[in-house]
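The task is to assemble the complex, starting from two chains supplied on their own in separate frames and drawing on the hints.
The listed protein sequences correspond, in order, to chains A and B. For the first sequence, the residue numbers in the working numbering are 1 to 300. For the second sequence, the residue numbers in the working numbering are 1 to 264.
These are calculated hints, taken from the structure and not from any lab test. Predicted, not measured: the structure shown is a model, and the values here were computed from it. For each residue, glycine too, the CB sits at the ideal point set by N, CA and C. Where hints are given, some of them may not hold.
Claimed, not checked - Here's a subset of chain A near chain B, in silico, CB distances under 10 Å, partners left out:
1) Gly29
2) Thr50
3) Leu65
4) Gly69
5) Tyr81
6) Leu87
7) Arg241
What the hints assert, rightly or not - Here are a few chain A residues that face chain B, going by a calculated C-beta distance under 7 Å:
8) Gly71
9) Val76
10) Ser82
11) Trp86
12) Ala96
13) Glu99
14) Gly135
15) Gly136
To be verified - Each computed SDA-like pair below joins lysine to any residue, with the alpha-carbon atoms no more than 25 Å apart:
16) Lys179/B <-> Trp104/A
17) Lys171/B <-> Met137/A
18) Lys98/B <-> Leu52/A
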Amino acid sequence: MAFLELKNVSKSFGTSSVLKDINLSIEKGEFVAIVGFSGAGKSTLINLITGLLKPDSGTATLNDLEITGPGPDRGVVFQNYSLLPWLSVFENILLAVDEVNRNWSPAKKREHVEKYIAMVNLTPARDKRPSELSGGMRQRVSVARALAMNPQILLLDEPLSALDALTRATLQDEISRIWQEDKKTVVMITNDPDEGIYLADRIIPLTAGPSATLGPSFVVKIPRPRDRKAINHDLHFKQLRRDVIEFMLNSRHDRHVSLTKKLVLPDIEPEDLSLPRSIVNRRTRPLRKSEIKEETVEVE
Amino acid sequence: MNDSFLKKIDWLILPLIGFVAALGLWALVSQTVSKELPSPSKTWSESRDYVLKPFEKRGEMDQGILRFTWYSLILVAKGYAIALIIGTPIGFMLGLSKTFTKAFDPIIQILRPVSPLAWLPLGLVLFLGAGRNASELGALFTIAVCAMWPTVLNTAVGVRSIPQDYLNVAKVLKLSRTKTLFKVLIPATLPYMFTGFRLSLGIAWLVIVAAEMLTGRPGVGGFLWQEYNALNYSRIILCIITIGVVGFVLDRLMSVVERRFKTA
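Same shape as in the complex, but just chain B (with noise of 0.2 Å):
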């Protein structure tokens, strides 16, 4: 046996045999424990139609399932966003100050552990006034509030473990606060950033589901919901498959960014 082919089996076939074992699993469940669970095959021919015609849009609650992910996607972004720009700052201040971390850090403990389930309804409540948005706005403040936390904590870690040595450069250059912040605090602590980030996005994705199936908004966590009420099991399969797969592949788009940064 050559090495190329031993490889391959590392990278492919292994994996293989592991999606394999885990249908062969579904299957035999849906054949024997639960008979109300979809088999594998009957999962496909249902969820066909949605993933031949990803972006086909017959009716406001029946899309296409990547029509469905990118109005997901773009919700996410948004809220994500939110959470960056304000969890940033305050990690900083968290990292820079420690009558700020007196202050603050209990409260975040305290708030950091709320499931999003909780903190959605509380944000509908928030924008009552907005009407028509509402629900959209509750669901970017959940996304936020529940996604900021990792970027909170990572930078102010960052902040706190960045070498005496820069510190110490900074002083005797006699930089300028501004300068100091962004020649010397936000590069030295980008590393730490990017590992929140990436760790906020990962929560921001699992928000958007609750946030979607309690506001039944379009997208992959309502259109989950909504086939639930219709009684169209197959179809929740097909959404959890592709809220995996998104996910996935949105944690290995982090974490290339992530690499690209950890090393300058």
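Chain A with its partners taken away, still in its complex shape (with noise of 0.2 Å):
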């Protein structure tokens, strides 16, 4: 049995299917990508893993245990970061921290607490709010706070999207480094294909919603550490790279929708304004009904 397993699980909001039969195995250790558009589904997904949405049908497991719900075992990284402006940095992670080790005595949870900091490389901004900080350092905290809960598995809600280029880049190292430090078991949500390749060890693309689900797992084989000026030369990657996106552009293709117009052909005539026109008994002709035509348009 895998660590992380999801099974036929289908998510609907209302009348619409979001997701639909998503099957999902992670193994212990392994960093997994999950590339979708935006819009498919993506963060449904990561919810049903970290247990803020229960599945319509299927089982989600951790360990052989069913997701019930939201859990200290998961550490989760949101996408907009989610830190509590009225605390610094260092009181956003202690709050984790002491949620998870009640026991453990001050000095530890601080000194816990400041070696997470120091892994994401914040201790000067230690004691700043987080509206003192960019983004990429926000996000970074946001790290920081679901890594030293110690988690089994560690979901990543696209958790660079938000950020510039460059920013993004030095933390895409970042994560990585991070990942071969400690070799937690990552889920990472990501709307960039290369940044999954990058980071992954697989990469599974998500359909064009609604009623997304998973493709086929693509299987990256670059060696570790990767180079990220070397990667974009490495001909798996752009094979990588290439099927990937085929995959998920072929998959909004096979969607067509058909849209039904409706044309009103109004009653109009053409009148001889040559005739006298009466003023008491205007309309001479019957009255006629609009005619109504439908017609139906495949959009791509």
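Quick look at the structure:
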């Protein structure tokens, strides 16, 4: 049995089906990236794993235990950082550490928090509030908070998509480094295939919604540590990128949306202006209903 | 004309013009429409003692204006504290629980518009058994009941508008109920709560005058009513001005505190 396993999981909101027949199994220590279009249901998928949402059908298990709600065994890094603005960097992380390790001494908790602040290179910003930090720094705090809980699995929900390209690259390197240091199981959601391939052992595309489902998994065989510059010339990297993108684009082309247009042909007839117009009885012709024509168009 | 001069016009001269115009209108009305209305100069000469010796105590109902203000402020502080202590938890419950809202929102909406003048007799009846303290307890009850609503409603709105992100954090970290309350819910609601606190303080100060007038307690409102009965109309005006200025200062103070928490 795999470490994290989703079996035939479906989720819909109201009448719109978001995810359908999701099957995913992740081994311990693996770094898996899930790539998808925006709006495809990526966040819904990660929320099913965090336990913030419950699947309509199917099961989600972690370590053979069914996921019934959120818990500190799964560390989450949200897309919008989700730091508490009234707490400093230190306090934000301490809040998480406090909750997981209640019986630790204050000194030990403190030391633990400091260690993770140092891990993401934020020691100088230790006492700053989130509003005083840049987007990249905030996301690092969020990563440190998730890691400091020492979770069994780290869930990254588009952690870098709100950042500029350069910060993004730096943080990718940092995530890669941290992952190699303590080999946590990681599930990362992203909208960037390059990012997925650069970081992950396996990349799985999510088809376009509605009723999105996971495609085949592509194994990334590029040895670590990976070199950002060299990787661009790696044939395997290029091939993978092509395959993933092609799969995703094809998944979108599978769906045709048909649109029915109603055309109203109104009752207008040419009028002979040379005839004298009667004011009392304007209408001389019988009243005819507007003609309605229906037309169906296929939209890509 | 330079910039600083223009600013002086804005901040100093224009408000001054406003005050002078109001004084002029007052003087005009006292000369023409109602001869009974004391003119500004008569008001000053008759209430001089109270202003220039603001803390003097000559008798129970004959004290310096700031001394009266002090009595009123103490009573307001007590009533206001009761209002916040009761109002904030009710607001939290309204914000957190739909069931609680459905059960109690209608009754709150009905009690909210009731005037302090209507509550006060009920307050006095309620504490009849307290004997000598009945008037103070009745006044406190009235202040608390009237001043509570803005705190209740603003807190409820604040709790309802906490971003889902923060709640998700609390859930993912599995924070305990008390920790969620103190580390997430209260800090996130604080700006709304303070808006409510400020409005409540305004109302508490409004109510004090009515409460003192009806109970005859020493204070700005009590003094006002006594001077009306004693036909010293100019001191009514003194009281009105005092009440206005104190209310204004309280509001400014609260908005400073409020701003302090808004940035957090």
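**Item:** Hint numbers not upheld by this structure, sorted from lowest to highest
**Value:** 1, 3, 7, 14 and 15
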